[in-house]
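K.L.:
The residues making up each chain are set out below.
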Amino acid sequence: MATILRVNMSDLSVRREDIDARYQELGGRGLTSALVADEVPPHCHPLSAANRLVLAPGILTGTGAPCSGRLSAGAKSPLTGTIKEANSGGMAAIDLAICGIQAIVVEGRPAAGKWYRLRVTPGDAVLEPADDLAGLGNYDTVARQGERFGGKISCISIGQAGEMRSGAASIAVTDVERRPTRHCGRGGLGAVMGSKGLKVIVVDPTGGQRPRPADMAAFRQGVQKFNEALLGHPLTGEGLPKYGTNSLANVINAAGGYPTRNFSDGQFEGVEPISGERQHDVIVERGGEIAHACHRGCTIRCSRTYVDEHGEFLTKGPEYETVWAHGANCGIDDLDAIARMDRMDDDLGLDTIETGATIAVAMEAGVIPFGDAAGALRLLEEVRRGTPLGRLIASGAEVFGRTYGIERIPTVKGQAMPAYDPRAIQGIGVTYATSTMGADHTAGYAVTANVLSVGGQVDPLRTEGQVELSRNLQIATTAIDTTGLCLFVAFAVLDNPAALEGICEMLSGHFGRLISADDFLALGRQTLATERGFNKAVGYTAAHDRLPDFFRTEKLPPHNMTFVVSDEELDQVFAGIG
Amino acid sequence: MSKVQVYVYADLRQFTGGAAAVEVDAEPGQTVAAVLARLGIPRERTKIVFVNHRAAQPDRVLKGGERVDLFSAIGGG
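Chains A and B are the protein sequences, given in the same order. Counting from 1, one number per residue, gives the positions in the first sequence under our numbering. Counting from 579, one number per residue, gives the positions in the second sequence under our numbering.
Worth flagging that the hints you see were computed from the coordinates, not collected in a lab. It is possible that part of the hints are untrue.
[Claimed, not checked] Just so you have them, the derived chain A footprint on chain B, three or more residues with Cβ under 8 angstroms:
1. 585-591
2. 610-620
[What the hints assert, rightly or not] Taking lysine-lysine and the DSSO-like style, the derived pairs with C-alpha atoms no more than 30 angstroms apart in a straight line are:
3. B:Lys641 x B:Lys625
4. A:Lys242 x A:Lys225
5. B:Lys625 x A:Lys225
6. A:Lys555 x B:Lys641
7. B:Lys625 x B:Lys581
8. A:Lys536 x B:Lys641
9. A:Lys114 x A:Lys152
10. B:Lys581 x B:Lys641
11. B:Lys641 x A:Lys242
12. A:Lys114 x A:Lys242
None of these values were measured; they are calculated from a predicted model. Think of the CB as a built atom: it goes at the ideal place given N, C-alpha and C, for glycine as much as any other residue.
For reference, chain A alone in the conformation it holds in the complex (with noise of 0.2 angstroms):
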């Protein structure tokens, strides 16, 4: 049976608990926000004891369902101060699953300056001191685990940015070559992970089994529905694995969408060096990797290995939203440079989005010229080195535009906005403005109508459709967020009713009762509510739903828009959900 991992950093017990009966068909985001929204007081500082970070395998993860290993985490945000979820790739989220974990559940707070490493295995977890790791990179902290603890462990830890308990502050996952290149990435859940003083934890699977499906028959009926979906979709089976998600620059730029020199273009005249195409040849070029699974179990294998000019392994990626954040969004047009970026953050252990997003701020505040990639290294030097300066990068692009006097600063609750600009693609606005967790695209990904032909098509420069559109994969995206299945099934998924019932039928078999497409979205419907209850407790309201000032009053070149859905449409999202 599943068990809950009660952590307790106060007095650095753990226990095994039996998983709540209420609680016994969650995964993922729905477990992680259901028990975040039970456990933890709205009102609490996301730094203190009382903050909760709660980490979840998805329902599906470990079983052998396609592209299920994403990891969910949750908390109050410190960025935020709503309810948050960020979930990520890589192989903790398995092991995990294979220790027969549902969830952890990480409370409490130990002494300050003492680091703890939370070790665990099919039949034990243990608190361990570790404050050697304190100071180090995702990087070194992975590499001293898996020289201590052999090959088969995955880990899940924080770097530098998490110490200093950074807004911007990721938690690292690693990946099939236990390198830490996947991210929880938003809403500074890293912070809270720094502030319980837990530096890492180690997973070894060993021994351990993967979770049985109740009904084996039809399981696998839906798995190879599923499979054949997702191979068959020429996104998820062709264009994901040969040009990754970067692949995206060049259609987002061409139509005006792709925010540049911080939000103040839709277009950048340096895209074409920083394209998923380039990116392509570059990497192919120099014997990096295409078509690399971040996890095990990976049919779509959007993930590459990037290497620099002597063929040495750089980073994973990058990912489209950090080549923009990096790259467009400063100005910036050189691959190598971004790729450099990417692999400090991801060492530091900062969110690439926020990261790039704030980065672009300081560009705009006079600190370094937009377009200075050398400069822009420097500056996470600093957070390396934990300066004034470096900390405020790392404290997000809210707290460095208000501290710089900025007017124009893309965030919504605090959060900063990803690699569309609202103005020329409306609903992922509305998703902007209106999702649980700030400015979040993977939320409700409109872009896929808006932009992609995928789902349907609604013309991304009017407001008609935007809020249906936005509403339905919110609740669509939730779902899927609970199963533990990556968010990019959702391309097979909004064009081929046969990988629905894919899912649905791996999710009856999972459980041995049959599960409807109703029943599916009710999982997201379900956790909107209790996001969205958690939330209203801390006391934000349909004021808090609106997009900055800005984009009402700036026009975005080429199309000269402004965000042009109303606060009215804007309030109707969430009517009937809660």
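Add chain B to chain A, keeping to what the hints say.
P.N.:
Leaving out everything else, chain B in the frame of chain A:
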């Protein structure tokens, strides 16, 4: 003669000899589909079409002077 600037991406570049951009002469009544045919780009491979940065259908008539962007299936995020 007025021209149409055609930009192609990702796998569609195999049909332009690797070129990222090509220029075609404008012709009366010429549609996006006709431009695809002239360039030998299969219509079923062309998932996204922009004319002057706005989504367009293959039957869109081009007058000349436009920028056309052609994509196969693209996504990520």
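K.L.:
For a C-alpha distance cap of 30 angstroms, please report whether B:Lys641 and B:Lys625 respect it.
P.N.:
Given pair B:Lys641, B:Lys625 holds - Cα atoms ~22 angstroms apart, limit 30 angstroms.
K.L.:
Verify the proposed pairing of A:Lys536 with B:Lys641, using a straight-line Cα cut of 30 angstroms.
P.N.:
54 angstroms, violated
K.L.:
Straight-line Cα separation of B:Lys581 and B:Lys641 no greater than 30 angstroms?
P.N.:
Given that 30 angstroms is the threshold and the Cα spacing comes to 9 angstroms, the pair holds.
K.L.:
Regarding the pair A:Lys555 and B:Lys641, is the alpha-carbon distance no greater than 30 angstroms?
P.N.:
28 angstroms, holds
K.L.:
Just to be careful, I want the Cα atoms of B:Lys625 and A:Lys225 compared with a cutoff of 30 angstroms; is the pair within it?
P.N.:
24 angstroms, holds
K.L.:
For the stretch 610-620 of chain B, do three or more residues have a beta carbon lying closer than 8 angstroms to a beta carbon of chain A?
P.N.:
violated (count 0)
K.L.:
Decide if the proposed pair is consistent with the structure: A:Lys114 and A:Lys242, CA atoms, cutoff 30 angstroms inclusive.
P.N.:
The given pair, whose Cα atoms are some 45 angstroms apart, is violated under the 30 angstroms limit.
K.L.:
Given the hint that A:Lys242 pairs with A:Lys225, test it: the Cα-Cα distance must not exceed 30 angstroms.
P.N.:
Measuring from Cα to Cα gives roughly 23 angstroms; hence the hint holds.
K.L.:
With a C-beta cutoff of 8 angstroms, work out whether three or more residues of the stretch 585-591 of chain B approach chain A closely enough for the coverage to hold.
P.N.:
This one holds; 5 residues, not fewer than the three required, reach chain A with a Cβ under 8 angstroms.
K.L.:
Measure nothing beyond the straight line between the CA atoms of B:Lys625 and B:Lys581; if it is 30 angstroms or shorter, mark the hint as holding.
P.N.:
Given pair B:Lys625, B:Lys581 holds - Cα atoms ~23 angstroms apart, limit 30 angstroms.
K.L.:
With a cut-off of 30 angstroms on the C-alpha distance, tell me whether B:Lys641 and A:Lys242 pass.
P.N.:
Given pair B:Lys641, A:Lys242 is violated - Cα atoms ~35 angstroms apart, limit 30 angstroms.
K.L.:
Please work out if A:Lys114 and A:Lys152 have their alpha carbons no farther apart than 30 angstroms.
P.N.:
Measuring from Cα to Cα gives roughly 27 angstroms; hence the hint holds.
Consistency note: the structure conflicts with the earlier hints numbered 2, 8, 11, 12.
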